[in-house]
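Throw the hints in and build the complete structure from the sequences for me.
Okay, here's what each chain looks like letter by letter:
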Amino acid sequence: MSWPRVLAARVRGLVFGGRLDSQLEDELRFHLEMQAEDNIRTGMNPSDARYEAMRRFGGMESVKEEYRESRTFAAVETLFRDLRYALRTLGQKPGFTAVAVMTLAIGIGVNAAVFTVTNAVLFKGFAHIERSDRVLYMTSSEGCCVSYSDFEDWRAQAKSFQGMAIVHGVRVTLSDKGGFPEYRDATEVSADTFRLIGREPILGRDFATSDEVPGAAPVAILNYSFWESRFGKDPSIVGRTVRINGAPATVVGVMPPGFIFPQNQDLWVPLVPTPNVLKRANRDTWFVFGRMADGVTIQSARAEMETIGRRLEQAYPLTNKGFPPVVRNFAGFYIGPNASLIYGSLWGAVGFMLLIACANLANLLLARALGRSREISIRMALGAGRWRVVRQLLIESIMLSAFGGFLGWWVAKWGVRAWDLASKPSWFNHVLDYTPDYRVFAYLIAISAGTALLFGLAPALRLSKLDVNATLKDGGRGSTGGARGNRLSALLVAAEMALAVILLAGAGVMIRSYINTYSADIGVQPEKILTGIPNLPASRYPDATARMSFYDRLKTRLEATPGVESVALASTIPLWGAARLSYELDGSTPVDEQSRPALSAVTIGPGYFRTLGATVLSGRDFNEGDRFLATPVAIVNQRFARRFWPGENPLGKRFRLFIGNTPQTWLTVVGVASNILQSDVARPELNALVYLPWRQMAAGDMNVLVRTSVPPGSLRNTFRTEVHALDSDLPMFGPLTLIERLQTRYWDKARYTGLFLIVAAIALLLAAVGLCAVIAHSVSRRTQEMGIRMAQGAAARDLLSLVFREGMLPVGIGLAIGLASSFAVNRVLKSELVQVSPGDPLTLLVTSAVLIFSAALGCWIPARRAMRVDPAVALRHD
Amino acid sequence: MEIRYTPVGYQMKDDRAGKADVLQGTLVLLVLRTLEALGPLHGYGIARRIEQISEELLQLNQGTLYPALLRMEQEGWITSKWGPSDNNRKAKFYSISSSGRKQLARETKDWERMRATIDRFLGSIPDALGDELP
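Heads up: the sequence lines are chains C and Z, in that order.
If you count the first sequence from 1, position 706 lands on 706 in my numbering, and the numbers rise without skipping.
If you count the second sequence from 1, position 31 lands on 31 in my numbering, and the numbers rise without skipping.
I should point out that these hints are in silico values taken from the structure, not numbers from a laboratory.
Note that the structure is a prediction, hence the values are computed from the model and not measured.
Note that CB positions come from ideal geometry on N, CA and C, so glycine has one too.
Treat the hints with care, as some may be off.
Distance ranges between label pairs, derived from CB positions [what the hints assert, rightly or not]:
#, chain 1, residue 1, chain 2, residue 2, range
1, Z, Thr79, C, Ala449, 42 to 50 Å
2, Z, Asn88, C, Lys465, 49 to 57 Å
3, C, Tyr51, Z, Thr79, 53 to 61 Å
4, Z, Ala116, C, Gly383, 24 to 32 Å
5, Z, Glu51, C, Gly43, 15 to 23 Å
6, C, Lys465, Z, Glu36, 45 to 53 Å
Given below as structure tokens:
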């Protein structure tokens, strides 16, 4: 075998290429001179002799080319030469190169950024959970309301799962000898939760089944950072007793650093199924996680759960109607019901944007290619093969997209950082890891390469089919094959416009949906309201009297503050949910505890409706007389009244609540209030509300709502001062304006919608710039024609309409195709849309208007130049 | 790893009657044989020699010689050295190496065998070609 020797020789060739090149020149020159001399000797004159020598030698350049190809590794060497040449070519047109690279950097960068986020949420899995892709998240109806009894039935009946765990976030008071009692976030979990997710304490032991038996000695497991901050990482904590909600509990373990599950908490305690917990109507904020058995898919698990749900609904129609099991992947817990849909469609959107960028570049290259046809023709005349020309042009494209990809990497980094910052309000962010992994790199490289092929291939193929002779004769003005080039670029423009329309229409319905959610009539005027939640520790505020006295004094002080109009108390604020309580309407057939239905209730103080800007429509508001021993009263909202007493006067109607299985006293409806949303607008069953007076229905820490006459933010410090004047050690949530707190309710949706809008705007900009470039190029090529037209008396208006006709035709076609496709594309978003149809006419109308306007602008800029042409100059124009 | 060769010895489009293309692959044989017979020679000398020996019947597209020489050198069949030519100009002289002699022997044998085969076809009775083989 001789190949090792050849290989070695070629490696030498690669290294000493330059010297060998000049040696070949010497050798060939020697050859030609010798031949010429011999020819002279046979009697030719010197110039004939030289010509004959060259003729006998054959194609000098192709010999050199072949020689070079054999000298070293042909591919490597020509690649280097092509790269050098491509760099030079790109360097000669810095403007073009800059535009192209920037376009690509944005297109590729935004894509990679969205992929990084999508990757972190959907593919990478959650590092704090073992095999999070096998763990499903389950609720009853969207986002809430599992009842413990349902959970037990699910766990007993479902064959698709290895195991199920139930969790529930609670606030507890924690006290020990070392410090003041304080409120802490805890999570109640079923005993096998940590085993289910595959994590165990680094210190002490996991919960055991014996810990969740009613009457078992209370135990707790600590979060690592809480152990660190509160107990100074004291290992002797295991076995020590602390008081949780006043009762002694033993700390049995500490979880690993950084571990939280499922959301921020300081400690975990076992969820003990007390009779109250076991009530089927008790649909608290419990969530269920299940680990799928081997071979089970999310679809089959979902199907089985739905069957079980239907069975339970038949067995317990009163409590289970309207609460079917909803099965989602693990990420669903963190990012809401439509995670895959939202991230998928975002991804699709940025993909479309990249396609637009590609079409743009293809057009730019095409325009440039026509300008380069003379160069290419010369190269082909000199013996460059078609593949050689295509390769050279493709290398230029690849280089552009490599630069674009490189810059795009930074765009992506900054994009992800911005997204990260925008996500800060969400603790969900803490469980996500946005550092790029191999998938992100692979994706970046793949889209860069794919992009290069996509935008480079068409112009390269077109150029390589040049008619060499015609082009050279044409003087390189580049008008040869113009019609076909025009058709291709018109086609590209139409495609860009269609994609832009789809994106705009998609963003449009998302925005409308967001507006519908956001401006859905919450039923309050939130602008001038400041809110805060003082945390009253049980040690200093042991009973209702002490707590009420604190709120009364705070209320009085705040009301006396300049700029404050009114102050009210409430157990929660609009959109932040409501308590679910078992109830019975007066006159309805009594049912057993298991099937007792629940209603949504908010505990409020007098003046709540006035402070929020809602109204009491009939009857009366609560007043200071609605206190402990007075007649128990309630206010219902219109939705509640209409649902339970349709066509009747709700005033004077009675219902009662249950604590455990014990009925409480009857409550009399004394007022009907206007509707206020406590949950999202699409959930009417949770927005039929009753209001209970705070002195009759004890609630935990109350929201203090302050209506101001000045901008609410300006009273933050005053609020704090007043609270601390009463109790200097009091921790407090806020104060935040009501708007701020309502917005955090929407931040998720706002982010997605904002991102969609940004992507669509970039896409529109790219498409408009693309159109502008194509028209500008066409106008500059037709300068002479314009000049002739003007010389013959065409008015500026005629030229304008000429340019517009050329420009707006593909826009019109693109618009038509885009509108037609957006019906189909937007349907994908349907489940995410609130009160807006995928084919919303207003959105499509606005979209069309925006697109036509941008396109017209894109045409007008170059058209203006055409109108200003001086005929005398234009005629001389080459 | 396999290094592919592009065919060498093809001729420029030229339809002057009676002149044959240099057969693919035979260029190596011709060059090695020339160098073995005449000793060190520069490229022009080799080209002229091949043309002379074939009495100008083999029309060599002279340029194609150089890539072939490079490849033969890479294979180690020939070596090259710069030196003064007859008229005292700097020229690159090629000479055959020992592995080149072996290659020459191999190629000669192949060629002989090929020629014998062709001869058998050309020398046989035409009808016999049509007979069924036993």
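Taking the hints in turn, this is what the structure says about them:
In this structure the hint that Thr79 (chain Z) and Ala449 (chain C) lie 42 to 50 Å apart at CB holds, the actual value being about 44 Å. The given range of 49 to 57 Å is respected by Asn88 (chain Z) and Lys465 (chain C), whose C-beta atoms sit roughly 52 Å from each other. For Tyr51 (chain C) paired with Thr79 (chain Z), a C-beta distance near 34 Å fails the hint of 53 to 61 Å. In this structure, Ala116 (chain Z) and Gly383 (chain C) break the distance hint of 24 to 32 Å, their C-beta atoms being roughly 40 Å apart.
Remark: the range hint 15 to 23 Å for Glu51 (chain Z) to Gly43 (chain C) is upheld by a beta-carbon distance near 18 Å. At roughly 49 Å, the beta carbons of Lys465 (chain C) and Glu36 (chain Z) sit within the given window of 45 to 53 Å.
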